[in-house]
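Protein chains: 4
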Amino acid sequence: MKLRLGMIGGGHGSFIGAVHRMAASLDGLYELVAGAFSSNPDTSRSTGQHLGLAPDRVYASYQELVEQEAQRPANERVQVISIVTPNHLHFAPAKLALEHGFAVVLDKPITFSLAEAQELAAVLKASGQKLCLTHTYTGYPMLKEARHLLATGALGRVRKVYVEYPQGWLSTPEESGENKQAAWRTDPARSGIAGAMGDIGTHAFNLLEYVSGLRVTELCADINTVVPNRRLDDDGAVLLKLSDEASGVLVSTQVAAGEENNLRLRIYGEKGGLDWQQADANTLLVKWLDRPTEVRRTGASYLSATALHNSRIPPGHPEGYLEAFANLYRNFALTLLAEQGGSPAPPEAQDYPGIEEGLRGMAFIETVIASGQSEKKWTKFTL
Amino acid sequence: MKLRLGMIGGGHGSFIGAVHRMAASLDGLYELVAGAFSSNPDTSRSTGQHLGLAPDRVYASYQELVEQEAQRPANERVQVISIVTPNHLHFAPAKLALEHGFAVVLDKPITFSLAEAQELAAVLKASGQKLCLTHTYTGYPMLKEARHLLATGALGRVRKVYVEYPQGWLSTPEESGENKQAAWRTDPARSGIAGAMGDIGTHAFNLLEYVSGLRVTELCADINTVVPNRRLDDDGAVLLKLSDEASGVLVSTQVAAGEENNLRLRIYGEKGGLDWQQADANTLLVKWLDRPTEVRRTGASYLSATALHNSRIPPGHPEGYLEAFANLYRNFALTLLAEQGGSPAPPEAQDYPGIEEGLRGMAFIETVIASGQSEKKWTKFTL
Amino acid sequence: MKLRLGMIGGGHGSFIGAVHRMAASLDGLYELVAGAFSSNPDTSRSTGQHLGLAPDRVYASYQELVEQEAQRPANERVQVISIVTPNHLHFAPAKLALEHGFAVVLDKPITFSLAEAQELAAVLKASGQKLCLTHTYTGYPMLKEARHLLATGALGRVRKVYVEYPQGWLSTPEESGENKQAAWRTDPARSGIAGAMGDIGTHAFNLLEYVSGLRVTELCADINTVVPNRRLDDDGAVLLKLSDEASGVLVSTQVAAGEENNLRLRIYGEKGGLDWQQADANTLLVKWLDRPTEVRRTGASYLSATALHNSRIPPGHPEGYLEAFANLYRNFALTLLAEQGGSPAPPEAQDYPGIEEGLRGMAFIETVIASGQSEKKWTKFTL
Amino acid sequence: MKLRLGMIGGGHGSFIGAVHRMAASLDGLYELVAGAFSSNPDTSRSTGQHLGLAPDRVYASYQELVEQEAQRPANERVQVISIVTPNHLHFAPAKLALEHGFAVVLDKPITFSLAEAQELAAVLKASGQKLCLTHTYTGYPMLKEARHLLATGALGRVRKVYVEYPQGWLSTPEESGENKQAAWRTDPARSGIAGAMGDIGTHAFNLLEYVSGLRVTELCADINTVVPNRRLDDDGAVLLKLSDEASGVLVSTQVAAGEENNLRLRIYGEKGGLDWQQADANTLLVKWLDRPTEVRRTGASYLSATALHNSRIPPGHPEGYLEAFANLYRNFALTLLAEQGGSPAPPEAQDYPGIEEGLRGMAFIETVIASGQSEKKWTKFTL
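So the protein lines, in turn, are chains G, R, F and D.
Using the UniProt record's numbering, read the first sequence as starting at 1 and increasing by one per residue.
Using the UniProt record's numbering, read the second sequence as starting at 1 and increasing by one per residue.
Using the UniProt record's numbering, read the third sequence as starting at 1 and increasing by one per residue.
Using the UniProt record's numbering, read the fourth sequence as starting at 1 and increasing by one per residue.
Please keep in mind that the hints were generated in silico from the structure rather than gathered at the bench.
Since the structure is predicted, the reported quantities are computational estimates derived from the model, not experimental observations.
Treat the hints with care, since some could be wrong.
To be verified - So, partial list: chain D residues that the calculated Cβ filter (under 8 Å) puts toward chain F:
hint: 1; residue: Met22
hint: 2; residue: Leu51
hint: 3; residue: Gly52
hint: 4; residue: Pro55
hint: 5; residue: Glu260
hint: 6; residue: Asn261
hint: 7; residue: Arg264
hint: 8; residue: Gln278
hint: 9; residue: Ala281
hint: 10; residue: Arg297
hint: 11; residue: Pro315
Glycine included, C-beta positions come from ideal geometry on N, C-alpha and C.
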């Protein structure tokens, strides 16, 4: 009953390729059967071999993978294709895969530019296929709980949102050494017009909109390149106007020396606030105006159904990043399998990021960079 | 290149069976191909179907599984059998599997009694096979780091060890309702002579010995049954004499209302101390006599090779219980695969709990229960 | 050897008056001997009586206090006058006290407007007296340590500063009820042109400049009044350009429902970062690019002399807000006593906020409110 | 309206003398007017001078202080005498002070031996005076809240109590150097029959009984001297039987290298648990069987009256050890002042440790040391 999975990108040394494979494996809902793991055929071949794939399903290019798999019998060919390449190599394989009738999992940001994203949206619509965009952090169960609390009005109207994603790993000119991650992420030709804002700012933006249910309407950005000779931004802060008269602040930096990946989201409504951070991902603090703060915990029986659906083990046994990532793959699989079975997927299965999130993410990148270059305070966010 | 895995136990509703499957899947090193998931053939069959197994490899009993798999061709039959049944059903299937030439993964405690464990040790030795005992918590990377720090003498001679495993889930008479977990874990016929001490006290004991490198030599136990009519202990505290003139305290309780599973280990040497707890599993505090406490973190570049070997993703992206569990499966697989390849497994792969830990765990159970019934202060720990 | 202290303001029900008295008492360096505790003579009298003052030293107005104390013999009259009134009543009594030869302790913000602050600076200079401005938070020992680390270059050049002061107590229209604190703090006639930015934003601003050693050069503010009908801002966020090419973000809000007073400061340099928050005031996290985070703690032997000077008890016994406040009073007293003794005060005693901090605080208020009303992104910070 | 205070002990270099003075000063309820600060008259004189006392009220011995103060006019002589000497010098001055009609504040443990404590109890009773024993930790507001929650049955019957007091400062043979604290605290002639158990174990014991309302009925101790050549215990762990069928564990050690003073108390009842630690003294975690843990915080409006009575400032501004200590002095003063005024003190003012706590503390010391030397498991706790 497993979905047959193919992968584009993710050869030896790829961080995110391995993550996708673990996330897809965890729940036994996918079986990796094909791949074009690298534009270097030797790398692709050796990766496939290492992963135990049949040699004839390890391809030298993404075109080969898509076209040859499409010709295999329906009960043998891949059903889902994961694309885990750098940003400039998202659009073309995604388009090709969709056009050949495959469901697609795509790493974020969805494409190299907003224009590409819009074209991909059209392709997707025409194809009738499904697409999952791996904004991992939305997979954390306690963020599902946070979203549920806000959606049900438990905290009243939202007034203020703070989201921050500080990293320290680009505090030095890593890209001038052998760090392949640093090299492509700071290269405008592969990453796009944004560095930190594209890489992690989009995660922060997505999380804010996903959990709060609000939309950014205007923003004011301070965008910096702190490390000399770096070619893209590595630091920024953004004032936000949000729908429903709320406001916010978004911080994203890769030069906060000593920081790991402590994404944090705080949302305050009329009656209380929410505080979540990745460093303590299984805890959601729910703060109240006039009674004690509550510590809600992954897996606890008092949680909402959506939070419990996205958790696997009893409370107190920590679930982490891979489990959050796997929640995206799992929900996507449950949706695909339900449709194969002819019934609509339940709402909690349909809860994974897709093309809408991709489009807004690209619009965020373009708006925030434009604002950074503007002398006006506020720049409208349009899509 | 995946190891073919069979499973005994773990039918629908089994907590630990699902955990074993996720742990085995995570790194793509095992493929579940056969199972006898329940003593109820229907349950076994439907579980196997749900998991997508071929019907002819879903068996009605563990004997069938072992005997029929043994008759399959070498390149098809299972290579490893995971046994995830209640304690009273560990020994017989493990013995049978070993005698038929299979490697075995066994949930803890290893058997129902020390006598069984000793007999299993003999069977294992005679079989020439390998056995992995899933003392999950030893799989956490920061406990590998802790062990490394102590083994290399960074903290001087160990003087004091505190280990505690508080749970709250048995604060009420859960076993009188529909909770199957509670039912067998409080039943002497299925669990053995100990309740909390067998279920979680053995984990605490194992962790203490594994990380410190010390051995318990004498102990003094206060063993209680707090909830009325419960048939086994649900609470206890133990004073410990340890090798090398150290001493310690072990706490294990299932009636600490409101606690989840916050296993915690603290070890103090002449120069400093270590503090780890499952609730913050990716952090190891290293305390020093005369300089600031250090916060060591999973995945950080400054960690020991053994800690890094047992981690998968960059620091700040939390790894949890399933990853720790998967480390046991992974190291066991790396050991088996190396041997299949004719070369000895590297030391970090051989770092998984086995028969020795199983024997000591059973001796712990028998000693701690005996001490609980004794009016003497100290009871010798012998094996 | 105690300094004789007089107090203006701080009658029954005043929060900050009681705080000043406790802070002044703690180290036995001041003795409260006189007061004009309220503009209501009865309140002043009963407060003085409650505090055990001699009736003839309890005055009906600040003018009486200053003028009559000045006529007492030198060995009897007050030496220091603390002014703890609302903002609009800072300037006049401070001016009068200085002109009559008294040292002054003044609550922040220093005056009602920048113009008043500038005039007070001139009065102070002409008087030859000393003034201490109670920016309490700079008194925390771990912020002394932070400042020391940055000043000595341990973290390299500072790149990024985040400071935030979230409160929740004005999430509802408290000022329409009986809350006197809320009433004057949201009243432009008593508080000045700023609400939250004046009340707590100035603390955040002061802390940032004090600890980092940098100066704000330009800023871009989003200033909001969230609670309907409130007359001053209750929320804001500010992008900052700082001297030496650094940048930062300042957040100050009083509508973060459920938050207490968790002032937090994070500063990142080329080699590492610092993280301090009032909720865990005795801890300073020092983060490094390539080695474990250090947990520095109040009172520990490895701290700088300045941090140890501002601490009283052994590590692990928490020191709090009153101790931080008392550090300002203590350092001010040590400075005054040293001068009385004819010798210059040691540097660590001279480390208390004064007129410069007051001027910059008022300039911050005026600049940040102007920026909030501007459509330009950046507004210059001049003084 | 201040109480006139005299002090015995607390000369230059005394840690606890300075703490008593700060605690007594904080609330303006005491004025230090006399002292016999050292058995060395020169030290006593220079300490008194430094503190600004009148020279004729600085005495060369405690006898002088008591006898000469007793001869002063009633409106001038001291009303309360604080005794802050090492343990062997508690009994004689306390007895003398009580017999001369003074109220007494005494540091813990109350005396050198249980026999002395019993004699002191008789003296106290005969004198009609009051005595306050400074078990500081009971002054923390969140422990008042904890006690209140248990006393009102919110958590059901108490089942399990864990209390621990780990320190690291005696990990090395400090007493062989110049550390005066270490010297007397490890000296049987000055400290009594117990080291760590007397110094900090008594605090842990007192806290357990005070907060839980239970009484220790039997105990089983493992008492160790870890550092070679030390003359008293520096480490121990104790199993406890408590009244009302509860049980517990008490840990007290001074060789937990790297630990500060993280006293921690956890109490579990049928419905939930409490968790408090000095390192985060303004937080009380209240855990529940089936709903989220609550974070109760010092100063919050939802707290019990007794918790609020023992707090001074708004929530989020931390209160620490000195404030807890000051709560003892304050409650004692409020009691004495009420009686002077002819009215009984309100219950919250009478909430300070006294002779009963002193007697039980000494019985604890004698019982725990006896148990440490016994081969029987359980030793009865009698008084």
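Hint check:
1. For the restraint placing D:Met22 at the interface with chain F, the shortest Cβ-Cβ distance is roughly 5 Å, inside the 8 Å limit, so the hint holds.
2. Using the Cβ-Cβ criterion of 8 Å, the hint placing D:Leu51 at the interface with chain F is satisfied: the shortest such distance is roughly 7 Å.
3. Interface restraint check for D:Gly52: the shortest CB-CB distance to chain F comes to about 4 Å, inside 8 Å, so the restraint holds.
4. Checking D:Pro55 against chain F by beta carbon gives a least distance of about 13 Å; that is not within 8 Å, so the hint is violated.
5. Taking 8 Å as the C-beta cut-off, the interface hint given for D:Glu260 holds, the closest approach to chain F being about 3 Å.
6. The closest approach between the C-beta of D:Asn261 and any C-beta of chain F is roughly 3 Å, which is under the 8 Å cut-off, so the hint is satisfied.
7. With its C-beta approaching chain F no nearer than about 11 Å, D:Arg264 sits outside the 8 Å limit, and its interface hint is violated.
8. Taking 8 Å as the C-beta contact cut-off toward chain F, the hint placing D:Gln278 at the interface holds, the least distance being around 7 Å.
9. Because the beta carbon of D:Ala281 sits about 5 Å from the nearest beta carbon in chain F, less than 8 Å, this interface hint is met.
10. At its closest, the beta carbon of D:Arg297 sits 7 Å from a beta carbon of chain F; the interface hint therefore holds under the 8 Å criterion.
11. At a threshold of 8 Å, the smallest CB-CB gap from D:Pro315 to chain F is about 5 Å, leaving the interface hint in force.
Hint violations for this structure: numbers 4 and 7, all remaining hints satisfied.
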